[in-house]
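Participant: The listed protein sequences correspond, in order, to chains U and C. The opening position of the first sequence corresponds to residue 212 in the numbering used here, with each subsequent residue numbered one higher. The opening position of the second sequence corresponds to residue 131 in the numbering used here, with each subsequent residue numbered one higher.
Be a bit skeptical, because a hint or two may be false.
[Said to hold, decoys possible] Simulated restraints on C-beta separations:
(1) T181/C - E306/U: 46 to 54 Å
(2) E168/C - D284/U: 43 to 51 Å
(3) T226/U - G146/C: 25 to 33 Å
(4) T207/C - V263/U: 26 to 34 Å
[Said to hold, decoys possible] Looking from chain U toward chain C, a few residues come up when the C-beta cut is under 10 Å (computed):
(5) Y244
(6) Y246
(7) G251
(8) H252
(9) L254
(10) Y275
(11) T297
(12) F301
(13) T314
(14) Q315
(15) F317
(16) G318
(17) G320
(18) L324
Keep in mind the hints are simulated off the structure, nothing from the lab. For every residue, glycine included, the Cβ atom is placed at its ideal position computed from N, Cα and C.
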Amino acid sequence: DAGITQSPRHKVTETGTPVTLRCHQTENHRYMYWYRQDPGHGLRLIHYSYGVKDTDKGEVSDGYSVSRSKTEDFLLTLESATSSQTSVYFCAISEPGLAGGRTQYFGPGTRLLVL
Amino acid sequence: TQLLEQSPQFLSIQEGENLTVYCNSSSVFSSLQWYRQEPGEGPVLLVTVVTGGEVKKLKRLTFQFGDARKDSSLHITAAQPGDTGLYLCAGDYGTASKLTFGTGTRLQVTL
Numbered sequence: 212d213a214g215i216t217q218s219p220r221h222k223v224t225e226t227g228t229p230v231t232l233r234c235h236q237t238e239n240h241r242y243m244y245w246y247r248q249d250p251g252h253g254l255r256l257i258h259y260s261y262g263v264k265d266t267d268k269g270e271v272s273d274g275y276s277v278s279r280s281k282t283e284d285f286l287l288t289l290e291s292a293t294s295s296q297t298s299v300y301f302c303a304i305s306e307p308g309l310a311g312g313r314t315q316y317f318g319p320g321t322r323l324l325v326l
Numbered sequence: 131t132q133l134l135e136q137s138p139q140f141l142s143i144q145e146g147e148n149l150t151v152y153c154n155s156s157s158v159f160s161s162l163q164w165y166r167q168e169p170g171e172g173p174v175l176l177v178t179v180v181t182g183g184e185v186k187k188l189k190r191l192t193f194q195f196g197d198a199r200k201d202s203s204l205h206i207t208a209a210q211p212g213d214t215g216l217y218l219c220a221g222d223y224g225t226a227s228k229l230t231f232g233t234g235t236r237l238q239v240t241l
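This is chain U alone, in the form it adopts within the complex (with noise of 0.2 Å):
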């Protein structure tokens, strides 16, 4: 357990409202990612974050922006929700594996879905 938790758990809304998922840490780390989860698809990175006020693009970041002014929260928005961006949302904290590299630590994921 990396101390990971996300709110909400599970979100209904309407197309064209804007959504703000939380992704909050206890650990002090310094790398958090905001995935999606797709059947199909399998995990896809949305942004990342490497620092307080550090962010960049993943590889599906249209329509997404994120912000990270506390080491502990790393926020997701979507500002005009659209049905395609119905998905189960990750949250995950990267350190160094024991056996090197880096491993991922994820947190329990948001069901969202948008109508």
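Chain U is fixed; fit chain C onto it per the hints.
Facilitator: Relative to the frame of chain U, chain C by itself:
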């Protein structure tokens, strides 16, 4: 964009059978990780392999990293219903600790 191909996509077997899941790429990984995910939960790390040719065992699970560090396999011996889940491989290409995930293998083990 690096691609990770995982096969098979689905596998339904009976308890006691053996199986192998494959993860392949045209790119070289600095490390490769295997995760298992159960419904409603996030992926949980099973193993990380770093060295080409490396073999790691975790009880009935055997993980192998190809000599060229472009492919990996997961072999399960005498599968049990508790092995049921989604198995994901993920390659670390060494840039900002980002991972690229395969599309996953959904395994169902029945009695």
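Participant: Which earlier hints turn out false for this structure, listed by number in ascending order?
Facilitator: 1, 2, 3, 4, 10, 11 and 18
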